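Novice: The primary structure of each chain is shown beneath.
2 protein chains.
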Amino acid sequence: MAQLDDVLQALDDGREAALERLFQLLRIKSVSTDPAYAAGCLEAAQWLVNLLGELDFTASVRPTAGHPMVVAHAKCGRRGVPHVLFYGHYDVQPPDPLALWERPPFEPSLTDGPNPTIRARGAADDKGQLMTFIEACRAFHERGGYPCDISILLEGEEETGSPSLPAFLEANKAELDADIMLVCDTGMWNPTSPAITTSLRGLVYEEVTIHAADRDLHSGMFGGAAINPVRVLARIIADLHDAQGRVTLPGFYDGVHELPETIAAQWRELGFDGAAYLANVGLSVPAGEQGRSVLEMIWSRPTAEVNGIYGGYTGQGSKTVLPAEASAKISFRLVGTQDPDAVREAFQAFVKARLPADCRASFNSFSNAPALQLPFTSEALTRARRALAAEWGKEPVLIAMGGSIPIVGAFKRDLNMDALMIGFGLPDDRIHSPNEKYNLSSFQRGARSWARVLAELSN
Amino acid sequence: MAQLDDVLQALDDGREAALERLFQLLRIKSVSTDPAYAAGCLEAAQWLVNLLGELDFTASVRPTAGHPMVVAHAKCGRRGVPHVLFYGHYDVQPPDPLALWERPPFEPSLTDGPNPTIRARGAADDKGQLMTFIEACRAFHERGGYPCDISILLEGEEETGSPSLPAFLEANKAELDADIMLVCDTGMWNPTSPAITTSLRGLVYEEVTIHAADRDLHSGMFGGAAINPVRVLARIIADLHDAQGRVTLPGFYDGVHELPETIAAQWRELGFDGAAYLANVGLSVPAGEQGRSVLEMIWSRPTAEVNGIYGGYTGQGSKTVLPAEASAKISFRLVGTQDPDAVREAFQAFVKARLPADCRASFNSFSNAPALQLPFTSEALTRARRALAAEWGKEPVLIAMGGSIPIVGAFKRDLNMDALMIGFGLPDDRIHSPNEKYNLSSFQRGARSWARVLAELSN
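Order-wise, the sequence lines are chains A and B.
Under our numbering, the first sequence is numbered contiguously, ending at residue 484.
Under our numbering, the second sequence is numbered contiguously, ending at residue 484.
Each hint should be verified, as a subset may be incorrect.
[Stated by the list, open to error] Dumping the calculated DSS-like pairs for lysine-lysine here, alpha-carbon to alpha-carbon at most 25 Å:
(1) B/LYS344 - A/LYS437
(2) A/LYS54 - A/LYS198
(3) A/LYS344 - B/LYS437
Since the hints were made in silico from the structure, they are not lab data.
Just so it is clear, the structure is predicted and the values come from calculations on it, not from any experiment.
Make the full structure from the sequences, and use the hints.
Specialist: Written as C-alpha cells, this is what we have:
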C-alpha cells in the first residue's frame, strides 16, 4: 500500500498532467437535458471508463433508459479496510446563453493571476469535483496501491433529476453496496475553509385540491350561500403556522433534535450574516421560528411552505366567479428523524379536519424523502474531519444544506449507506451560469484532501 | 288621454300585429359582440327609430364609439304627471352553438300547444321584453295619447358590458333625466306570479398582491427564513370571516338593514327551496351567516368572496419555489346603504394590518358600485304593485338579485334616478343559450302590465 506522503507528492508532481486530463473531460459536450448532446454524454462515459481502466479499475459503461452510468471497482487486496463508493456526475448544464461566455464553454482554460481558476462548463459542477477523487486514486495507484476497496458510480443525468437512477440502484443493489458513500458535489465554507456537509433536509411535497360545488358558480347568484373552496384552503394554510412561526401539524416536531452544543457553537462562530443573506433578496426579518438564527432556519429546522396556489379566475381584470375548486402545492422540509409518511399523513388529516361538510380534498404526493443526518459521532466523520484539518490547517466546518440531494437519500433508503459529502466548490463558481469556474486550488487541494480522507478511512 | 280599458282592449285586439312586429325585430341579427354583425345592430337601431316615429316619438339613432343608442321622447301634453325613462337593449347574444338550435335562431316562430312560446335569439333577452313596453305605448297612442311623458333609451351593447354607456350618459345627462326609470330586463317569480326587482347587490372588486422577496427563491435555500407571501395572503383571507360566517372587516355591516317584516314574510311564503338550490350545484350546507336563509344570503346580505387566487408554481408536478408574490381577486357584494368606498378602504386597511414588516401590498380596483335598493315605501313601487296585482290577480313578489345591473347603478349614481325593474322572463327562457324562448303570455300580459303601470303612475 502506498504511503500518504508519497501519494501527496505524486499529486504535487503530477499537477500539469492532471489538469490536462480534466481539460480533456471538459471538452466533451455532455449536456444531459438536450438530446442533441446524447453522443457527448456517451463519449464522456466512455472516456471515464478508459481512464479508470488505466488505474486498474474494472470499469464499464452501463446503459440505462437515459444516459449511461459508469460503474468501476478496484480492490486493495487487504482485509479489515472499508469499501467506499464514490458518486459524481459527468453530465453538465446547457451552456446557454452562449453570448455571455467570455470564452467558449467547452474550450477550458486557466485564468492568469494569483488565484488561477479553471473556466469551462462543468469545471465545478461536477467534472472538476469528480476528477479530484479520481486523481487521488491515480496517485495511490502510482505509488503502491489503493488503501481500501473503492467503487465508483458516475451518473449522466444528475442535471435532469436522475430519472434512471432509482431503477438502476434497484437492479444493482448488491454491486453498489459499500460501507460508506463519498460524494463530491458540495462546497467549502470559503476558499480557505473546508467543509463537510452532514445534514440534508428531507422533503414531503403534497398538492392538495379542495373541491366544493360541482361547477364554477356566479358569485352574484351563489355568493354568500355556496361554500368557497379558496376560503377553506386559506384557513388550512393560515392554520399551518402558529404566531411563533412553528408548524402546527400534530406530531410534526417528533424527530427534530437540538444541535449538539459543539456544532451549535461552531455554527455561531462561522460569522454567517443572516441579515445580509436576507437583504440580498430584499428581506429583513427572519420568518421562521422565533428565537432561531437564520442559519438554523435553513439548515437544521423543519419548515412548511406553500410553493404554489391557484383557484378561480387568475387572468387579467375581474370575473365574478365562485370557484368550484382551489389547489395548493405545499412542501415540508424535514430534519433529523422526522418520518415523511407521518408528516404526510398528519398533513392530510389536518386538511380533512378543516373541511366543511360540502367539501372534499384530493391529494397528489410528489416527494416523500426523509432528512439525511450523518451522525456527528460517526467514526467516518471523525476521520474525515482529521484528514481535512491536516490538509487545510483548520477544522472543517460541519455544514448543512437546506435542499435535498436525491442520490444520497436513495442510497440511504435502499442500502442504508451514510454519505460523507465533501466538496470544494465555492459560492462564486457560477455553476449553471455562464463563465462557470473552479478554483485551481480547489482542484489541486481537493485531490490532496481525498488522498488524506482515503488514508484516514483505511487506517 | 286614453282610458285604460280602451288601451287594454287595443292590446288584445292587436295581438297578431304586435307579434308580427316582434318577429320583424327578431329577424334582425343584432349580435353586439361580433363585428361581423355590426350592420345588424345598426339595422335594429334604425328599425326601432322608425317604429317609435310611427308612434309620434321624436326618435333618433345616436352614434357612440361602439354600437348606437336609440333615444326617443314623447310628451303627453299634461302637467303634474311623471316623466318616465324606459331602458332596454336591442343587442343579443351570439347564437352559437348553432347546431343545438331546433330552428334557425333568427327565424322566429311560435310553438304549438296550450302554452305557446316565441322561439328566437333575443325572444326574451331583451327584444321580447322591450317590445312589451313599446306595444303598451302603441296602444295608448292609438286610443287617445300617452298618460305621461315618456323617454326611451335602447342600448346596443348590453351583452358586451355596456362600454359606451358611461360616456353617453355623461354627455346626455340633461336629456335622459326623468322622474323614474323603468327597466324590462328581469323576470317573474313563476309563470303566473309577477315580480318587481327592488334590490340589486352592489360590488366592490379588489385585486390584492402581497409582495415579499424581490425574486422567487429556492425553498431549500430560503424556506423557513424568508417570508412566504402565500402564507400572508392565506391569513388575510382566513381572517375575512368569523366562525359564524360574518365578514370581519370593521364597519362592514354599516348600512346593512334588516328586511321589513312584511317583505321577510313575503319571502318566507315564496316557498323557495334553499336546499334544492344548493343541491343543484352539488352542495348541501348554506355557507353564509348562520341563522339566515339561503334567499337572504343571496338577496339581502353582503358577502366577501375570493374569485381567484394565484402565486408561485401552478403547473403540473412540483417545483420547490418560494414565491416572491401572491395575488387574490376578492369581491364584496353590497346591500342596503353600504358605502363602497368605505368597504374598499376597510379592506385595504385590513390587509395592511396583517402585513409583516417585509411585505407590502398593492391593489387594483375593478368595481366600486353601491347596492341599489328601491325603498319599499316608494310611491312608484306602491303604484306598480297595484298595477301588476290587477293584471295577474295576485300581489307581485318583491324580489332581489344577487348580481348587479350596471345601467341601473349608473343612472342612480349620475342622475339619482330610482328604477322600477319589472320583467316577464322566466327561469326556463334559456337566455344566452340555444333555443331561447319567451312565453307568448309573457309578451301579451307583459304589454298589458306596462299599460297598467303607466296608467297607475300617471293617476
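Novice: A separate judgement is required for each hint: does it hold in the structure or not?
Specialist: Right, here's what the structure says about each hint:
1. B/LYS344 - A/LYS437: holds (23 Å)
2. A/LYS54 - A/LYS198: Distance ~30 Å between A/LYS54 and A/LYS198 Cα, so the pair is violated.
3. A/LYS344 - B/LYS437: holds (23 Å)
Checked against the numbered hints given earlier, the structure breaks only hint 2 and satisfies all the rest.
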